[in-house]
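Construct all of the structure, not just a fragment, from the sequences and the given hints.
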Amino acid sequence: MNLEQLKKLKEKAQKQIALREGGKKYRVVVGMGTSGVAAGAREVMTTMLDEIEKQSLGSVEVCVTGEIGMVDAEPMVRVEETGGEKTVYGKVDIEGARKIVTEHLQKGKKVQKLAVGQAKEKE
Amino acid sequence: MANFRAHVLLCTGTGCTSSGSYAARDALLQELKKAGLESEIRIVETGCMGRCDLGPVALVHPDGTFYRGVVAADVPKLVSEHFVKGRPYEKLLPRDPVTNSVAATQQDFAFFNLQSRVVRANCGIINPENIEEYIARDGYAALGKVLNEWTPARVIEEIKASGLRGRGGAGFPTGVKWELMAKVPTKPKYVICNADEGDPGAFMNRSVIEADPHSVVEGMIIGAYAMGANRGFIYIRAEYPLAIKRLQIAIDQGYKLGVLGKNIFEKGFDFDIELRIGAGAFVCGEETALMHSIEGKRGQPMPRPPFPAQSGLWGKPTNINNVETWSTVPIIIRRGGPWYATLGTEKTKGTKVFALAGKIQNTGLAEVPFGTPLRDIIFEIGGGPPNGKQFKAVQTGGPSGGVVPASLLDTPLEYEALQKLGSIMGSGGLVVMDEDSCMVDVARFFLEFCCDESCGKCPPCRVGTKQMLNLLEKICRGEAVLEDLDRLEAMCHVVRDASLCGLGQTAPNPVLTTLKHFRQEYEEHIREHRCAAGVCTALQLSPCENTCPLHMNIPVFLQLLKEDRLDDAFEQVVMDNPLPASTGRVCQHSCENRCRRAGADAAVNMRETHRYIADMAYNSDLAKKVLKRILKRKQPATGRKIAVVGAGPAGLSAAFYLALLGHRVTVYDSAPNAGGMLRYALPEYRLPKHVVDKEVAFIRATGVQFKFNATLGKTLKFKDLERQHDAVLLAMGTWQETLLGIPGEEARGLYPSLEFLNAAAYGQKPPLGRKVVIIGGGNSAIDAARTSLRMGAEVTIVYRRSREDMPAIPEETRQGLEEGARLITMAAPLRVILDKNRRITGLEVAKTVLGKFDARGRRSPVVTKETYIIPCDTIIKAIGEKADSVVTQALGLETTSRNMLKVNPWTHQTSHPKVFAAGDYVTGAANVSIAMGWGKKAAKSIDRTLTGEDRFEKLWPQFVYSQTIPPAGQGGGRNPERLLPVAERRGTWVDVSPTFTEWQAKAECFRCLRCDIKAPEATTH
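Listed in order, the protein sequences are those of chains A and B.
Just so you know, we're using the numbering used here here: the first sequence kicks off at 1 and counts up by one.
Just so you know, we're using the numbering used here here: the second sequence kicks off at 124 and counts up by one.
Keep in mind that the hints were calculated from the coordinates and are not lab data.
No experiment lies behind these values; they were computed from the predicted model shown.
Cβ coordinates follow ideal geometry from the N, Cα and C atoms, glycine included.
Any given hint could be a false lead.
[To be verified] Straight line, CA to CA, 30 Å or less: simulated DSBU-like cross-link-like pairs of lysine-lysine:
id, chain 1, residue 1, chain 2, residue 2
1, A, K7, B, K283
2, B, K439, B, K420
3, B, K156, A, K109
4, A, K99, B, K385
5, A, K7, B, K385
6, B, K368, B, K268
7, B, K512, B, K1025
8, B, K894, B, K1077
9, A, K24, B, K268
10, B, K385, A, K12
11, A, K15, B, K379
12, B, K268, A, K8
13, B, K208, A, K54
14, B, K379, A, K10
15, B, K420, A, K12
16, B, K368, A, K10
17, B, K156, A, K15
18, B, K1077, B, K1037
19, B, K368, A, K15
20, B, K157, A, K54
21, A, K8, B, K368
22, B, K368, A, K7
23, B, K208, A, K91
24, B, K1005, B, K970
25, B, K156, A, K24
26, B, K1005, B, K512
27, B, K379, A, K8
28, B, K439, A, K15
[As the list claims (entries may be wrong)] Label pairs and their in silico Cβ distance ranges:
id, chain 1, residue 1, chain 2, residue 2, range
29, A, Q106, B, A361, 48 to 56 Å
30, A, G84, B, A158, 30 to 38 Å
31, B, A158, A, Q106, 24 to 32 Å
32, B, V985, A, E11, 44 to 52 Å
33, A, G84, B, P323, 45 to 53 Å
34, B, P199, A, E11, 31 to 39 Å
35, B, Q513, A, E85, 44 to 52 Å
Structure below.
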């Protein structure tokens, strides 16, 4: 093995443990309460995980939470920017999930159509 | 590769696997599969996170939730709560003893939060059996850099620049050591990793190996390159099977990847590592013995020089470094020597992993920069001793180290600073001891270890440690004489100076340091045959007897009452404690602190039981009958005259025993009646005067004379007393209140608590306003509060610390609050607010926050800028009393810096051979039982001085009673102190706590576990 090979190996391995390093730009919180799951939150989450992987977005972590609070708007997804805004999306379907990844997480643009009111609080 | 949304880092170090982390792992896999989450959640087996006592532990990323006690049975709930529902599973969250709150994430836990992790940066984060995870965290990058870009000399320069010192214990500069070896031309050369970690309580090396084995391997390869060695050995003890396994996996992976073996990084450097498994002999941690062991010989040390760098393994140049030293090397190369040198202190750079063990709440591994004060690591990170016990000392550096007492807690953790105290850094073990640790026993324990581990090659160590151990055991049995201490000390020096290797040279350290800082404890074992910590079983009857300041024979009176022998029980009680009905009401009952019954349910209620016995006797003719029996043992008149100054608890106790010993005793007091604080400070509702009357009458009946209204320095001249008597005992109470030192303190309407309580006791009514503020948190504050309430005032108690820190008996505080007192904690008085007529209108206080821990383990209050005013018209300060300097000066006796009388702690003699002292003027304001204990000891000493004999034991009856150990669990739950309902307590002066019923008292007797029975033969007293 030489230095070049070590570097490559490191890049590959870093992805495996990236989740354990802090300092991510975005945290995506998927509401996985009973109503969320019934409305398809699990599919939404796996779609987002796949999409994040496909687009190699390193600075995103995905968590789940219980009921977010608006049962009729499920499945709900909250995108939290570290030290910045929190955006809550409602009635997210598979298509919407992809859109949040491509637009919000990739380009930093909110998907206004899906947003259900924004909390202005800072983390 | 699946994209996981969460990683569960499950500790699989030795500690956690032994508490079941593999079973938890299997359960996790199963439950995650059941929930369909196996492709979302990944389980990673990591090494030690440093909190083996909470194991199995797990850390969930990305949210950082830290779980403790993750056993298989709790896993289904954990999975459904955390991973399905997405909320932390509270049951398994740890409680941080420092902040006393539930820690949701690792960052919320002071134990983790306050550490600086350099050596342990990867520990608990990567899978130690996966080389890729090590590489992901910059693993082998340092090796790549060195082999590709640096010369060996450059590596040594960098290590020198870092200031790294050997972590094995001696702290020799690593760079210098490497340079010496590099200069030796002989080939082949060897490098060795010393992983023969053997100190009791230290496991940092094992933890690093188990959690991050590649860092050790990488460090060794770099070192070998720098010093020109091509072969290395890791010497590790067989007791570390998991560490051995992980090291072997790491080495195998290293060979496979090409960082070990031939032509590493294609740069032409070859290096091989082999493991050598040791048999667990402590001496093999010594480098020359270690090398013998690697060579296959008996592990015995050799004199140095020659040093290993000249002639080591098989006579070839060899470098030996500790696990922690090796694992620090890659970080220094990656981040630079100068960066590393910014950590730590002037003389000692970097960080060190310490193993916290013993009487401490957060046990485990903590990595902090060198120079961190002991206080910070023990209290801020370690949380101090558990159960509110008081910190006593800490043993640093394992059995070769020494103890550092509480007074030196600000010592920085640094090689030189610890050496100056006669201790060592060693491998970094910190064994914490609290008030229940006996320092003689601690020294004995560590010495026993070294004595066991001595290899036997040199006589000073082989014979010397054994002789020292014999002496220490003799002291613990109470069979030693004072000269033994000198003998012990002399032997320490011989063993230290004449032993061949570090084992013998350092073995005396625990003895020397305990002798230096705790000599009084050694002397107490020898002179008084007492072990105050209650550890040396040969020196105590039972834990309760040992803790009681009067050393009452508690198991005996409980047994006598159990046998329906109330008269015998009273005789035993009153002989042990001449004021049993009073103390039965007001004693702080330290006897309960170590009661073994508390381990089963709750301590035996000994105080209320002896109060029951005393009340039954005084309220019938039983007391008179027993008095007759006691007087039969009264010793013939000696013709000696003794004056006792002060008719308080200390003076009354001493007078009782001295009169029975046949002396003519006169007690002088400035008050018109006897009792001191019992009569003139303690309020009627706690201790009715008629109770004191009966006890004083009993003592008077033994022949004690009283002279009242005689004030020392005024109507009573010390000179006369001294001339007219054969001995004088000074046993006055301290009545003078300490100054608050705030503006307005001299205002009318601000009373010292004792002055107020004293007036109330005389039946006077001090001009109390409507709103009273009491400053303080001790018993006299609560007494003043409850007395004020009974006088119809509104009462607010102001205390500067938290409620848990209040020195008052907790039951008293609770009762006071029930009766209507208000309690404001975390508030420090700033000034008294006065109106234009200089009448009090309020007290301004500042909010306090808890700051640094003091030596007693309480956080000191720190005043903040936030202030507020508590409206009031009367203030009572109850912040403690001190000796009256007018009195002490008039006596013309030697005093201490705190203006207390200086006495010989063993004889109670003052600087005047005829004059003895006991009680508050010696100890400072203390409680009733402590004062009585001093009085009792002083009486014994005075009699011994006057007669030259030990006659004390002759006063006691010899009872025969059952010596059968009772069956477990007898007697049911604890009977609490009886208490009138709040409605009946308010506004009344009657005794708020009725005597136990016969049924209750007997039940408590049955609850006693009879710790006094050691051999099945009758013993008394």
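Indices of hints not satisfied (ascending): 3, 4, 8, 15 and 28
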